[in-house]
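Going down the list, the protein sequences come from chains A and B. Residue numbering for the first sequence follows the numbering used here, beginning at 1 and increasing consecutively. Residue numbering for the second sequence follows the numbering used here, beginning at 112 and increasing consecutively.
Hint data in this document are derived by calculation from the structure and do not stem from the laboratory. There's no promise every hint is true.
[Unchecked claim] Footprint (simulated), chain A over chain B, 3 or more residues, beta carbon under 8 Å:
no. : segment
1   : 148 to 162
2   : 216 to 223
[To be verified] Okay, derived cross-link-like pairs now, DSBU-like style, lysine-lysine, Cα gap no bigger than 30 Å in a straight line:
no. : chain 1 : residue 1 : chain 2 : residue 2
3   : A       : K98       : B       : K168
4   : B       : K168      : A       : K69
5   : A       : K98       : B       : K122
6   : A       : K69       : A       : K98
7   : A       : K110      : A       : K54
8   : A       : K54       : A       : K98
9   : A       : K3        : A       : K52
10  : A       : K52       : A       : K98
11  : A       : K98       : B       : K182
12  : B       : K168      : B       : K182
13  : A       : K3        : A       : K54
14  : B       : K122      : B       : K182
15  : B       : K168      : B       : K122
16  : B       : K168      : A       : K3
17  : A       : K98       : A       : K3
[As the list claims (entries may be wrong)] Here are the simulated distance ranges between beta carbons:
no. : chain 1 : residue 1 : chain 2 : residue 2 : range
18  : A       : A66       : B       : E189      : 42 to 48 Å
19  : B       : G127      : A       : Y13       : 45 to 51 Å
20  : B       : R192      : A       : S111      : 47 to 53 Å
21  : A       : T29       : B       : K125      : 45 to 51 Å
22  : A       : L80       : B       : K125      : 22 to 28 Å
The beta-carbon is built from N, C-alpha and C at its ideal position, and this holds for glycine as well.
If you want the building blocks of each chain, they are given just below.
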Amino acid sequence: LAKTTQPISMDSYEGQEVNITCSHNNIATNDYITWYQQFPSQGPRFIIQGYKTKVTNEVASLFIPADRKSSTLSLPRVSLSDTAVYYCLVGDIGYGNKLVFGAGTILRVKS
Amino acid sequence: DTGVSQDPRHKITKRGQNVTFRCDPISEHNRLYWYRQTLGQGPEFLTYFQNEAQLEKSRLLSDRFSAERPKGSFSTLEIQRTEQGDSAMYLCASSPRGEGETQYFGPGTRLLVL
């Protein structure tokens, strides 16, 4: 299983760029890297997914080095509403038992 | 709204009772997943369907838990003889079939066993 390790928490200020790194040393060839955002009492919300190199969408960027043993979620210019828990998920959704979420990173954005 | 829906959103029950939760996936998503999440932890995989076939169950899943997806659309998760340790958020997710597809989660059902 591709166990993931993330920082427990991070603090930032509004308008700053935030980078959250996830380590996944035993990622398998078919595994994708997916990041989710979760607010209290809600289900996780998809942010971004990638396999290698860099992926960018309207809300975030995902950087994946060549060895794929880590990944970094980049949130540009965070706001107070970005305060949430962020999860890195590594796996192949065709194999449920290999879908392992870590404990997540609590991001607190301050004004 | 065409997202994943779950019902009920909250359930309070007494220990020993049976409970059933329903999940309606995004239309045409043929994969459906159930997860359990306890406070301060990430979601934990429970079981996975492709169409009506239950392809995987967590090795840690008690036999008090059962799930069905009879017509390959909505799914139900039943917990028999609930225990206080079953108190958690139960999440459903769906995805299209295919490499590199993504799971989309519903809002969850919060279960409290007294």
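Do three or more residues of the segment 216 to 223 of chain B come closer than 8 Å to chain A, measuring C-beta to C-beta?
holds (count 5)
Just to be careful, I want the Cα atoms of K98 of chain A and K3 of chain A compared with a cutoff of 30 Å; is the pair within it?
Between K98 of chain A and K3 of chain A the Cα gap is close to 9 Å, so the pair holds against 30 Å.
Is 45 to 51 Å a correct range for the gap between the Cβ atoms of G127 of chain B and Y13 of chain A?
Since G127 of chain B and Y13 of chain A have Cβ atoms about 50 Å apart, the given range 45 to 51 Å holds.
Proposed proximity, K168 of chain B with K98 of chain A (alpha carbon, max 30 Å)
11 Å, holds
Cβ-Cβ distance between T29 of chain A and K125 of chain B: within 45 to 51 Å?
Because 48 Å falls inside the window, the suggested range holds.
Hint consistency between K69 of chain A and K98 of chain A [alpha-carbon to alpha-carbon, up to 30 Å]:
16 Å, holds
Checking one constraint from the list: CA of K168 of chain B to CA of K3 of chain A, max 30 Å. Satisfied?
19 Å, holds
Is it true that the CA of K110 of chain A sits at most 30 Å from the CA of K54 of chain A?
28 Å, holds
Hinted pair K168 of chain B and K122 of chain B, Cα distance within 30 Å
Within the cut-off at roughly 23 Å; holds.
When you check the alpha-carbon spacing of K3 of chain A and K54 of chain A, does it fall within 30 Å?
Satisfied, since the Cα-Cα distance of roughly 21 Å is no more than 30 Å.
Taking only the CA atoms, is the gap from K52 of chain A to K98 of chain A under or equal to 30 Å?
Holds, at about 19 Å.
For a C-alpha distance cap of 30 Å, please report whether K54 of chain A and K98 of chain A respect it.
24 Å, holds
Consistency with the previously given hints fails for number 22 only.
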